[in-house]
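There are 2 protein chains.
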Amino acid sequence: MPQSKLVTVEELDFLATGAWILGTGGGGDPYHGLLALKALYADGARVPLVAADDLDDGAMVGVVSQMGAPVVNLERTADPAMTVKPVRMMETHVGRRFDALMLSEIGGGNALQPFLAAAVLGYPVVDADSMGRAFPSVFHTSFAVGDLTAHPYALADIRDNEVMVTRCADWLWSERIARKVLVEFGSRAFSCKAPRTGREVKDWGIHGTVRQAIALGRAVHEARLRHEDPVAAVLASQDGRRLFRGKIADVERRATEGHLRGAAECEGLDEDRGHRYRLEFQNEFLVGRRDGVVDVTTPDLICVLDSVSGEAVGTERLRYGQRVTMVALPAPALFLTPKGLLHTAPRAFGLDLDFVSPFAPAAEARP
Amino acid sequence: MPQSKLVTVEELDFLATGAWILGTGGGGDPYHGLLALKALYADGARVPLVAADDLDDGAMVGVVSQMGAPVVNLERTADPAMTVKPVRMMETHVGRRFDALMLSEIGGGNALQPFLAAAVLGYPVVDADSMGRAFPSVFHTSFAVGDLTAHPYALADIRDNEVMVTRCADWLWSERIARKVLVEFGSRAFSCKAPRTGREVKDWGIHGTVRQAIALGRAVHEARLRHEDPVAAVLASQDGRRLFRGKIADVERRATEGHLRGAAECEGLDEDRGHRYRLEFQNEFLVGRRDGVVDVTTPDLICVLDSVSGEAVGTERLRYGQRVTMVALPAPALFLTPKGLLHTAPRAFGLDLDFVSPFAPAAEARP
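One line per chain: the protein sequences are U and Y, in this order. For the first sequence, the working numbering begins at 45 and goes up steadily by one. For the second sequence, the working numbering begins at 45 and goes up steadily by one.
Quick caveat, the hints were computed from the structure, so don't treat them as lab data. The structure presented is a predicted model; accordingly, all values stated were derived computationally and were not measured. All residues carry an ideal CB built from backbone N, CA and C; glycine is no exception.
Have a look at the derived ranges for each label pair, beta carbon to beta carbon:
id, chain 1, residue 1, chain 2, residue 2, range
1, U, G230, Y, I202, 25 to 33 Å
2, U, R203, Y, A377, 26 to 34 Å
3, U, R298, Y, K49, 58 to 66 Å
4, U, D283, Y, T136, 46 to 54 Å
From the derived model, a few chain Y residues whose C-beta atoms are all more than 12 Å from chain U:
id, residue
5, D143
6, L192
7, L269
8, H271
9, D316
10, R320
11, R334
Listed below are several chain Y residues computed to face chain U (Cβ distance under 7 Å; list not exhaustive):
id, residue
12, R203
13, N205
14, M208
15, I221
16, K224
So here's chain U without its partners, still in its complex pose:
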């Protein structure tokens, strides 16, 4: 068993707040998952967090997440038993228990899903994910960038349906099949992705993202307690850039093909008065345009924060009149490589745009 530290109850709140910001509008509101996890903690559960580098190379790690259109989660609460189902399916399929679970995406509610299963099963969670944020599909993961296999993966629903995808031709086919099944499931499915070895997690996981989210959430909570600006705390914690401050003027949103797609228009306030900002999203914010000119795109993290509380605003929660501040946080370095950009830049989402970043001039210098 690798060295680990138990995640505290206090840290759960920080994790939820930080992960929701890193979700860049998607990954699902963590609120229901946080409530369910706190209930498990109230019953005595404590989840150990282990560093990816402390895993044995041969360890088997389960990659846990919930898939679907975030808007559906507004009406469906979290249930640890559902999160456990695909984990058990995968253990049955491969014929052994997992040594640890990890996050598919640190962004949004999916930061909490592996903790729900781990709290029930008594497993540790690895301090790593495969996105460093949230993204709409497995094609956008670090494991896909690394050309690891996409199968097998398990999907379950809240009825009694269980699907195991035992082979897929590639990561795009993996996503195509999963997406059709989850739409039929009601645009929400519980999944356990292809198991990863400890070696694969070390080589291709995005390390330290659970601690990153906890630190980010802590900064926001502490700024609120001190009556300081939580948005400034986000920028300071993550080396971010402020993009725009204003008021949501228009939202266009539709749940299609298991995704939530649309755009939001924002009218400037304060120093941005007289300017407009447009955000386009597919579950997550993908492109930002200031007065019609693209000034940030995926894979940079485009986050919409409540201007007062610093709380993240999900794409399914955007509404007319909200006072928000758009910020950009730097993307994981892996996604800025040529192969990484193939999987995460706007063209990977069918958008005819190159990657644009406020961090771009310094990109080569990033670790």
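Chain U is fixed; fit chain Y onto it per the hints.
Okay, now just chain Y, sitting in the frame of chain U:
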């Protein structure tokens, strides 16, 4: 090993002709499968046929079929290796070899699919199926009528995608999930349904349908050789009823949700001159209306035959000007029970119609 008799090359032709008639317009044109099976026979393969009642109760039987919109098969030939894929998947899943394979549906090309796999793998085929005809979905099978479990089942495509549905809430969910996956696969998938024990096949299989199709096909071929009326031979062989003779005047057809749906209008010729006949179909012919009045519905077999050759005409092959004769053949007795009608009468297809049959007055007397 139960007693068996090898199916001869000559019988393959009869099987294809008879199965295509029993397909009631669906099940897919058997032509490609027949060519592939003859190629295997030319290489020395011979498939044993065993009676269902000769199976050991504990035998494990693989249920093999191809799923999808028949129209797609016009452009995709048969490949025994593809048919074998889901069989191997299922054997891996359950951890043992099958003792025999059986047909999901005797109708159309699916009569030949299990023979393709059996010829490659050296397995016998059981003289039974679960429909006694063709139907659009597993909900319409005798196994569903018997409330046997619908899972696990395996789906594979021509790329490298393989899906195992390890649990489903019921037969309708089984169909919903499979249908979405197969549409994504390109409206054609190779499947191995839930394995059945010898006992289950004895209790719930439709027995003798392979021999029935061979006898039907033989009757048609012999009538052609003797310059007798093949349509009359079909009626005599199966105790059928002639419904209408005429010329196809209009066809409306669309491939949606992995099904081929539509309707055909027929203008009367000979003794039916001055009358019209309308057929509605979902892969298979479901309802016949003579001059607007329903005179036959599923589960009775509604078959469209070329008026000269007696060859079946599939729903994907209907075209303006064809000279055709519509005939009705009696449904398997199981489907005429109240539970059977729940699964196979028009309401099981979303049609607001009761079962209507030219055989109805004598239905109680049928075995």
